[in-house]
Structures are given as C-alpha cells and as structure tokens.
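Take a look at the letters that make up each chain.
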Amino acid sequence: MAKSSNLFMRISKIVVRMYRAGTGDFFVLHFKKGNTKSFTMMIDCGCINGSKEGFKPLVENLATYTRGVIDLLVVTHEHADHINGFQKSADIFSKINFKKVWLAWTEDDQDPIANDYRANHSEMALALNSAVNKLNGLADTNYYESLFAAEANGIAMLAGRKQFIRSLTDLNALNINTAAAPGTPKPTMVQLLRDYKVIKPTTKIEFLEPGDVKSNLPGAKGISFFVLGPPRSRVYLNRTEKEGENFDKREEKSTVDVALIEALNAGDTVGGDMHLPFDAVFEANAANNVYSDRYEHGGDWRKIDYDWLYNAGSLALRYERSINNTSVALAIRFDASEKVLLFPGDAEFGNWESWHDALEWPVKINGEIVAKKAEYLLNNTVFYKVGHHLSQNGTAKSKGVAMMTSETLAAMVTLDFKKIQTGWLNTMPNDLLGAELIRKTGGKLFFVGDRNQILPNIKTNRVSIRKDDEDNLNKLNEPFDGKFFIDYTVNG
Amino acid sequence: MIKKPPFRKLRGYAFDPSLSLKIDTALINEITYKIAWEDEVLQPGPMGEYVEVIDYDPTVNKFYAGVDLNHPYLLAQDGFDPSGSNPQFHQQMVYAVAMTTIKNFESGLGRPVLWSPHRIIETLPPAYGKKSSSKSNTTNTKIRDEYVAALRIYPHAMRDANAFYSPQKKALLFGYFAAKPADITLQMPGHLTFTCLSHDIVAHETTHAILDGLQRKYTDDTNPDVLAFHEAFADIVALFQHFSFPEVLKNQIAATRGDLASQNLLGKLAQEFGVAIGSYGSLRDAIGNYNPVTKKWEPHQPDGNEYRTITTPHERGAILVSAVFEAFLVIYKSRIADLLRIATGGTGILPQGELNPDLVNRLAAEASKAAKHVLNMCIRALDYCPPVDINFGDFLRAVITSDTDLVANDSRDYRLAFIDAFRKRGIFPAGIKYLSAESLAYPEPNTTGLQDLFSILVNFMRDYRAEIIYTNKRAEIFAISQKYIAGSYDTDKKIYGLHRRFNVKFDNSSGFEKLTGLMFSQNWKALGIPTSTAYGGASPSFSVHSLHVASRVGPNGNQVNQLIVSLVQNANISVEKNSTHMPLIKRASGNTGFKVSGGCTLIFDLDTLKLKYAISKPLLDVNALDTNVHQLNYNRCLALHQYQHDSMQHQSQFQAYFGLANQNSYNEPFNFLHTH
Chain H
31 MAKSSNLFMR ISKIVVRMYR AGTGDFFVLH FKKGNTKSFT MMIDCGCING
81 SKEGFKPLVE NLATYTRGVI DLLVVTHEHA DHINGFQKSA DIFSKINFKK
131 VWLAWTEDDQ DPIANDYRAN HSEMALALNS AVNKLNGLAD TNYYESLFAA
181 EANGIAMLAG RKQFIRSLTD LNALNINTAA APGTPKPTMV QLLRDYKVIK
231 PTTKIEFLEP GDVKSNLPGA KGISFFVLGP PRSRVYLNRT EKEGENFDKR
281 EEKSTVDVAL IEALNAGDTV GGDMHLPFDA VFEANAANNV YSDRYEHGGD
331 WRKIDYDWLY NAGSLALRYE RSINNTSVAL AIRFDASEKV LLFPGDAEFG
381 NWESWHDALE WPVKINGEIV AKKAEYLLNN TVFYKVGHHL SQNGTAKSKG
431 VAMMTSETLA AMVTLDFKKI QTGWLNTMPN DLLGAELIRK TGGKLFFVGD
481 RNQILPNIKT NRVSIRKDDE DNLNKLNEPF DGKFFIDYTV NG
Chain V
1271 MIKKPPFRKL RGYAFDPSLS LKIDTALINE ITYKIAWEDE VLQPGPMGEY
1321 VEVIDYDPTV NKFYAGVDLN HPYLLAQDGF DPSGSNPQFH QQMVYAVAMT
1371 TIKNFESGLG RPVLWSPHRI IETLPPAYGK KSSSKSNTTN TKIRDEYVAA
1421 LRIYPHAMRD ANAFYSPQKK ALLFGYFAAK PADITLQMPG HLTFTCLSHD
1471 IVAHETTHAI LDGLQRKYTD DTNPDVLAFH EAFADIVALF QHFSFPEVLK
1521 NQIAATRGDL ASQNLLGKLA QEFGVAIGSY GSLRDAIGNY NPVTKKWEPH
1571 QPDGNEYRTI TTPHERGAIL VSAVFEAFLV IYKSRIADLL RIATGGTGIL
1621 PQGELNPDLV NRLAAEASKA AKHVLNMCIR ALDYCPPVDI NFGDFLRAVI
1671 TSDTDLVAND SRDYRLAFID AFRKRGIFPA GIKYLSAESL AYPEPNTTGL
1721 QDLFSILVNF MRDYRAEIIY TNKRAEIFAI SQKYIAGSYD TDKKIYGLHR
1771 RFNVKFDNSS GFEKLTGLMF SQNWKALGIP TSTAYGGASP SFSVHSLHVA
1821 SRVGPNGNQV NQLIVSLVQN ANISVEKNST HMPLIKRASG NTGFKVSGGC
1871 TLIFDLDTLK LKYAISKPLL DVNALDTNVH QLNYNRCLAL HQYQHDSMQH
1921 QSQFQAYFGL ANQNSYNEPF NFLHTH
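First to last, the sequence lines map onto chains H and V. Just so we're aligned, residue 31 is where the first sequence starts under our numbering, counting upward by one. Just so we're aligned, residue 1271 is where the second sequence starts under our numbering, counting upward by one.
For the record, the hints were derived by calculation from the structure and aren't laboratory data. Just so you know, these numbers come straight off a predicted model, no measurement behind them. Careful, some of the hints might be misleading.
List of simulated lysine to any residue pairs, SDA-like, C-alpha gap at most 20 Å [what the hints assert, rightly or not]:
1) Lys1412(V) / Trp331(H)
2) Lys192(H) / Thr208(H)
3) Lys333(H) / Leu1908(V)
4) Lys489(H) / His1915(V)
5) Lys489(H) / Val1845(V)
6) Lys1412(V) / Ile185(H)
7) Lys333(H) / Glu1846(V)
8) Lys489(H) / Ser1386(V)
9) Lys489(H) / Leu1908(V)
10) Lys1412(V) / Glu175(H)
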C-alpha cells in the first residue's frame, strides 16, 4: 500500500507498553495501522523510590522505541510515582520531542477554582512537611530511644513510633511538588515539566475538562479520547470514598484538618491569634507556673509535646487522596469497534462517581450521533490500567469494575513489592479487587513487579481464584519475566 | 462543727455544646454534676486523688491556668458556667465527667478504681542476680509495676477529630478541630469542636482507662472481639450514664411517651462530634441509625448475622452495645408494665397528649433503676472474665455467672433479657449446648486432690483481705496487693508471695494444669514457654496478673466475699506447614515467632475457702493432659495465627498504613482506633 493512502487508514491496534520501574505508572502506547506505527502516546513516568540509575535503561529504551518523538504526553497527576521519572531522567527527556501535552484542568493557572485548590493543597503540603521534618528530627536524635529506655515494653513502643515515622515519611515522599513558603502556591505541572525540560517551546499544552472528546488527532484516525475526570465539582473532588462503593468498607469523612494545618504552618513564630483557641487572659502566669512545673517534673513518659504531630498521619492520607482525585481519567476508544482502553490515573471514588452523574459524550454509532454515559465506556472497556496500584480506593465497585463486562478484558497493575512505600505494603494489593480482576480477565492481568510476590497476598482466605485463571495468568506473564517492560496488544 | 459536704456540685453539659444551641434541648443540656467531695487533696487544675488535669496545648506551646474549684466564688455558684471559650470550664467539665464515671465504676465494683501500673525495667544490684544469668555481659534487670496515683488528663492535647486513652502515658488526650460538617445548618463551618466538652467522649475515654486498670491484656489485639470489647464497654458506660441525669431522663421519657426504643437522645453518643466530622447525626447510636437514602432515623433490627460478618472494632463493638441496650429496654419495659396498666386503666394504650408528670417521674425512676442495674451487671462481670483473649461470649457468661452469684432469684428475668439480646445477634459462647442461664453460668470446677492446697492458700490470703479491708487509700491497696503477689522478704514479717506459692505448691500438678490450662510441669521449654529463675531454680514463667478481694451485698442482704486471682502465661511460637500442608505449632527461635497468651481467672470463696470458678483461656491442650501429654492448645494458636495473618481485613486504612498490624498494643492502640 502506498504511503500516502496510509493517511486515510484507521488505527487498527494499540500496543500498550508498561515499563517496570517499580510501583508507579510509566506507559507508552503505539497506535498502529497494520504493522506501521503512526501515533505515539506516553502516560506518566514515575515510581516509588525512583532513582536516576533505575530509570536510565528504561527511559533509554523508550527513546529508542519511540525514535525520540512523542505525539502526545498525558501526565495524570503530580505524585512522585507518576512524574519523578521526568525529573530523574531530564537529560534524556530533554532530547525527546514532545509534540503535545495534556494535563488536567486543575493544572491551569488561569482557572480560579484550580488556583484555589492549589493554594489549599500548598498549605496542606507545607504542614505535612513540617510535621515530617519535626518527627524525623526526633527520630534522628534518638528521642524515643531515651524516652522508652526504662519502659518494660519499650522495644515495642519504639518499633511503633519508628514505623509511623517511616510510613509518614514515605507517604510524604509522593509530594515532590511543594511550595517554597507559606502563602505561595506550589508550581503547576506546566512549570514542573518545563523545569524537567519535558515541555519545550514547541510543545503544545492543552488542559482537559471532563466531558471533552478529542477525535481523529493527526496520526490517530479512528480513535477518540474521552475525558472522564477530574471532575469540576468540589463535591466530587473532595469525595474519596463511599460506604459499600469501594473494595473495603470505609466511612465518609470530611475535612477536619484546618486547625492542625494552621498550627503546623505557624512554625516557631506563634504570632497573631488566628490559631489560638483561647484568649490570652487564660494563659498560666509564666513566672509562677505550677502547671508547667507539674508537667515538667511529673515524668517525661507522661508528656505530650510531640504526640499531636502524629495527627499528620490522617492529614497525609487525606492529602494523598485529594491529589489522587485530581487525576486525569481517559478513555481511549476505537471508533469502529467501540473498544475502550481505560486509564484512570489514581482517581478515587469521587472522580469515578462524577463520570456517571454529570457527564455525557456524543458518540457516533452507525453514522448517528447519540449521547452516551460513562457506563457505555466501561461496558466496552477491553483494557484497564488498574487505578492506584490495585489498592482498595483506586477502583470503584458498582460504578467501576462491575460495569466492565467485556469478555476480552485485560488489565495492568503498577504494583511492585521491591519498590514500594512502607504503608502500601499493608494496603496493597486489595485481595477482593485483585481476585475480581483475575476472574473478569480470565488471568489477563499483568504486574509491574514479581507476580510470585504479589499473588500470595491476593489469595487470602476470603477470596477464591479459579486454577485455570491463575494458570493462564502465569502463562501470559512468563514471557516477560526478567524483562523491564510488558507489551500487550489491543486489537481494534 | 460543720460536716464535710458529700458532694461538690459542678455545672456542665449533659451531652455536648451542640445541644445547647438547639431550642428543644438547650434547657436539659446544662446539668449539675454531683462529684464526690475531695477537699484538701483537690488542687487547682483540678488535680485530685484520681485525676490530674494539666491544660497544656503543645500545638501552640501554651499552658492554661488550672481551675481552682475550691475558690469560694466557684463553690458558691457550682463552678463555671458552661462555655466553649473558657478553658477553665473545659477543665471543670473533664473533671466532673471523669469523676462521675469513676464513681459509677466503684459502686458497681465494690472497690476503689486503680489505674494500670507503669511497667518499668529496673536494674538490679549485681549481687541480687548471681544465679540468674549464665552470660556475664548481660545486666540483671527485672520488670516492676509502679503505682500510678492519678490519671493525667490533657483537655487540649492535639488538633484532630480524636481523643484517646494512652496506656503508655496513663493519660487521656483530647483533641479539638475546626469542623466542616456535612450539613451546615447543624453547625457553623470552621467552628472549633472540643472533644473534651462532650460527656460521651470523656466518659468513653475514662472507661478505657478504668478497664485497662482492671484488665490490662485487653489491649492485645488477639481476636476480633478484644478491641471491640474495649470500645463497646466504653460506649456502654457513656450511654448508661445518660440515665443518671434526672432532668434529661424525664424530658426524654416525656418526649418519647415512655418508649425508649424510639429515637431519643439517651441512646446517642457524641452528637456534635458526629456532625462535625461529616455525619448527619451522632457518632454512634445504640438503637438506630440515620438512613442516608430515606434521610430518616430508623431503628436497628438485628438479623443474627452481625457477629459473624462484622469484624472492624467499632462496628463489632456496636453489636455488643446494642445487645446490652436491648437487654436494658426489655428490663425497662417489664418494670413499667404495671405502671402503664395503672395509668391506662388496663388498656396499656396511653391517651393522646402529654403524659401526666407523675407518670413521667415514675417511669423515669424505673428507667434510671434499670439502667443502674444493667450497668452494674456489666461492671461486676469484669471480675468474671478471663484475663486474656476475651470474646463477647465470655462476657455473656461472666454477666450471667456474676449475677447468679449475687442474685439467686432472678425474679425479673434480667439474665434472660441478656441471653435473648445476645442470641438475636448471633453471639453464642463456645462450648455451650443449651442457651440458658444454668448452662451459661460457669460450673463449679473439679478440685479433686487440690482442695487441701487451695485451703492453705486461701487461708493465707485471708491475711491479705484483713490487711486490705482496713484501708481505703488507693496507694496502700496497690502496695498491699503487690506485696501479697510478689512477697516480702526483707521485713520482719516475711511473706511468701502468691506467685511463689503457686510456683511451689502446684509444681507438676496436672490437676491444677487442667483447671487453669497453664503449664506447671517440666519440659515447658519445648513448648516455647520462657523460663523463670525468680526463686533460684528454673521453672516455667507465668505471672500473677491481678489480685483483689470483692465483697458484694446482694438485694436480699446476702454477702459474697471473694478472692479473685488471675494468672497469665505466654509462649513464643511459630506456625509451619508440614508436608501435607497441615499447620504445625513450633516453639519459636529468636525473634521469628509470635506470642500466644493463656490465662485463668480463679475465684475463691473466702468464707468456705473453696475454688468457685476457674475461668480459663487455656494455653495448653487440656484434653491431652488426660493422657499426660503437654502440648499447646492447637486451636487457639492457629486462630491467633490466622487472625494476625488477616489483619488487613479488619483494620482501617489508617491502621494499616501507620500501625504495626497486630503487634500494636504498645503503640497507642486507642489513638489508632479513634482516628477519623
């Protein structure tokens, strides 16, 4: 076939390449017409504890594989496990031509709601940093070792505090995008990607709004991109869970961190009385303070100087989920076959829920334009990038996996026990979701990390997995054992 | 000569500040607490005998001056006015509620409340331990229990929607936070919510501390019920205290026309807190829930599956709370049946309109009495619980047994009400064939061949009782109990401690092993039980966990005098699979294994010198002892192993992230449980 007529051909298959850097997302998609590549898309580049050396061979492979040109880059959200590869491998990415970048509307510095969100997030991030630094200061000076030295159960107490500090520090390491000082917003993704030399003067930047449809991009004829999230509404953006709708029972929570953030961000200068709960007249007389004497001399083991810093734990979880909810969620559809590839980033429940409640897309079926809801896209999903590393809060139940009814469904999980943060070891994978996906995909489930480490944690006593499915999973994964990427081809 | 007043009156909220903002509850929400009078011991803070309030806010590094409740102005006006903006009122409120809770416990227990001791490592002088260590480079240490006089209370300890009892600090930490509620008509956004101003939260946390003083192993997360029990008990105490506020009670009786099973304030816990963290109502409710779909309150109907299917501590605890509350409702209904017949001329149908105030008063009196009885039944039962690994079935048996002991004739069917409420929720004690009061009460144990030993032992313990009965000073009670447990060897009057007596008298006694399920024979090392060299030679390590005397008077004037001793023994084990994938219990080497605890509560009758009950969670396989085989209790070990393995399934996201899975009992377990 002549090359010129190729222009009018539709995309017939997409090869999804998942790079295996560690727990974190790093994808390249080749859109092909027959065996000819005509469009290259990249989604995210990061992993937990990612290092320059760790990324190097993978990013070099990407440079060769893409021949240095990427038509479209999507960065879902700002967590380190989705973007630190750009930072660590800036030297290589500076030589790659990114033609276009898609980011969530939350990264648009012309958008007042986005700016408001970023300002709030900045405050949270700074408060969290402050708590993490203070707690690590205690750990570094062996504060707890001496505090618990005489306690009968001191070893267990020490282990508990250390575990907490380690988990909190790890969780906070996701937040590589922070503001310089209180009162200043943190940089947008555009600024970050410029710093990392990914966005170049020629790169086109587009912000995605839920409900957008982008069809027939140059080189990607026959393909439509449906933007599902992040939602515009605060109600959905703030919602990270709902009883019975996640793969675990959790209650709905609200924002209760305002006072904590205020105190953490006050630093050493307790000035103004914004954050003081009581009038100064009630304060104890500094010169003759019997209460502080009692406190200071009533045993160090009873003091509470630093216990309040541990409240940063729930702050950190809420902040993480809030950022997760700003994830770009994309459905990539073959227009002819209506098959869908779903990339939800790390969207939490509110993001998922908003696709269904608020949005409709014009879809051409048999020449006619009809309005379709998210359920249609989920029903047609044949490839699913599992949200948030197979944790219980990254995939909705009735409004998510239950609607993925295609018999040819396959899924990829960006989870790796070798490179993971401490707290995630206890929360990922979620066994119920893992087992459900193995059942639905008939074993077409792929992992970034060693499946022999992950599978035992899915096979708990409350789930059952068919042997055929497990055998198939092993058979399909085996060819990639020891390789640093997994390719899966979705035929249009 | 002016007599000491019996009470100190202090004003406070019956519930929390939010109810003072609603027209229909404002009047009843401000009540006057009557606190047992503490005179010279009560310092500004308040710092008294049982609690010391230190108002230090580390988040802003400020001390607030403590309230002086002996100030004549405050004495004259029953303390400060309830107010959110005056920290001295906050101090007064926590003091009033904590003391009320403590006194309610004491009246149920029949003895003073003691806080759990501070366990410290003591380094012994070198001469002391010359035999004990073969390795010359190890320093010789022993664990000592240090008396904790007062529970520390920090009313403004953190900025979080959280309050917790810290077993390691022997302190209550209350948080405050800026709220963003689900429904802003119920509460102003950004408004500060102080957990220390909620009666329910303060009573709940104080109960955690009291319970830890009574049963300190109940912070070990060894089965799905243990922490749930802690939570449930704390809620039960907070709930039933609502019935001790006469104005509140009468108001709610009138409002519900005597039907306390309908929606009412008495069955709700932590209303302001619940709204502030984003719920549409109270944090918990013993009789019903707000249904987010119908947007209406609906009574909760147990379906019998709850106990089998719900495993997270708060939700599981709620099963126990609703069971006990239902037992109360049944008892209340039976107590007022005659009143309703009299008031309605026999029809039982109350006329339209408001109830006659006389009837309200009588109904309230019955409700208050029933609540007191039910709460006391629960509190007394704590002495009849095993010292480790409790489950709800054990608690039911404890309630029935302790009540049978004290009240021979259950004329009002209290026990039946409990059994029925537990049955409806699928809570069945293990190893019970018929669900009746007779079969649930623990049987008298078989003491063949042991009675002589017990007689000598209990006779000796009469000295303990004689010594302890004449003091009401808590520090002395603690010291005397410690002396009788550990012995006293360097005074004029040498006392061989209870621990040593058990160790010597029941050495190799298979009869005692069968009773307690604990190991007192050779070869303990093979089972992973540590060695004790406390008395020179080597023996299996165990501890006398607690010791006290209970003297109670029943409704017919009968007196029960009991000596209650609990023993605990641990083994370090691991579970391995054999060639056919059958799990095998092995003793653990080094730090690889996990700890399994067995324990037994022994209740002796001080009058007859007989052992009345041996309530055991056996460490050993008791059946195998019949054939003289000593092996660990396979089922208990395996259940614990499985439970620890599945810890992710019953933990919150926060616990899973930041905790130490099931090894979290020394890592502020209640902070983890209460985090929202």
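Checklist entry - Given the hint that Lys489(H) pairs with Ser1386(V), does the C-alpha gap stay at or below 20 Å? => result Violated. Lys489(H) to Ser1386(V) sits at ~41 Å, over the 20 Å cutoff.
Next on the checklist: Need the status of pair Lys333(H), Leu1908(V): alpha-carbon distance at most 20 Å?
Outcome noted: violated (39 Å)
Next on the checklist: Check the hint pairing Lys489(H) with His1915(V) against an upper bound of 20 Å on the C-alpha distance.
Outcome noted: Cα-Cα ~12 Å, so holds.
Next on the checklist: Does Leu1908(V) sit within 20 Å of Lys489(H), going by the straight-line distance between their CA atoms?
Outcome noted: holds (19 Å)
Checklist entry - Is the straight-line distance between the alpha-carbon of Lys192(H) and that of Thr208(H) 20 Å or less? => result Roughly 25 Å separates the two Cα atoms, so the pair is violated.
Checklist entry - Under the criterion that the straight-line Cα-Cα distance not exceed 20 Å, is the pair Lys1412(V), Trp331(H) satisfied? => result Within the cut-off at roughly 19 Å; holds.
Next on the checklist: Check the hint pairing Lys1412(V) with Ile185(H) against an upper bound of 20 Å on the C-alpha distance.
Outcome noted: Roughly 15 Å between the alpha carbons, so the hint for Lys1412(V) and Ile185(H) holds.
Next on the checklist: Hint check: Lys489(H) vs Val1845(V), CA-CA at most 20 Å. Holds or violated?
Outcome noted: Roughly 19 Å separates the two Cα atoms, so the pair holds.
Next on the checklist: Hint check: Lys333(H) vs Glu1846(V), CA-CA at most 20 Å. Holds or violated?
Outcome noted: violated (43 Å)
Checklist entry - If you draw a straight line from the CA of Lys1412(V) to the CA of Glu175(H), is it 20 Å or shorter? => result Holds, because 19 Å separates the two Cα atoms, which is no more than 20 Å.
Hint violations for this structure: numbers 2, 3, 7 and 8, all remaining hints satisfied.
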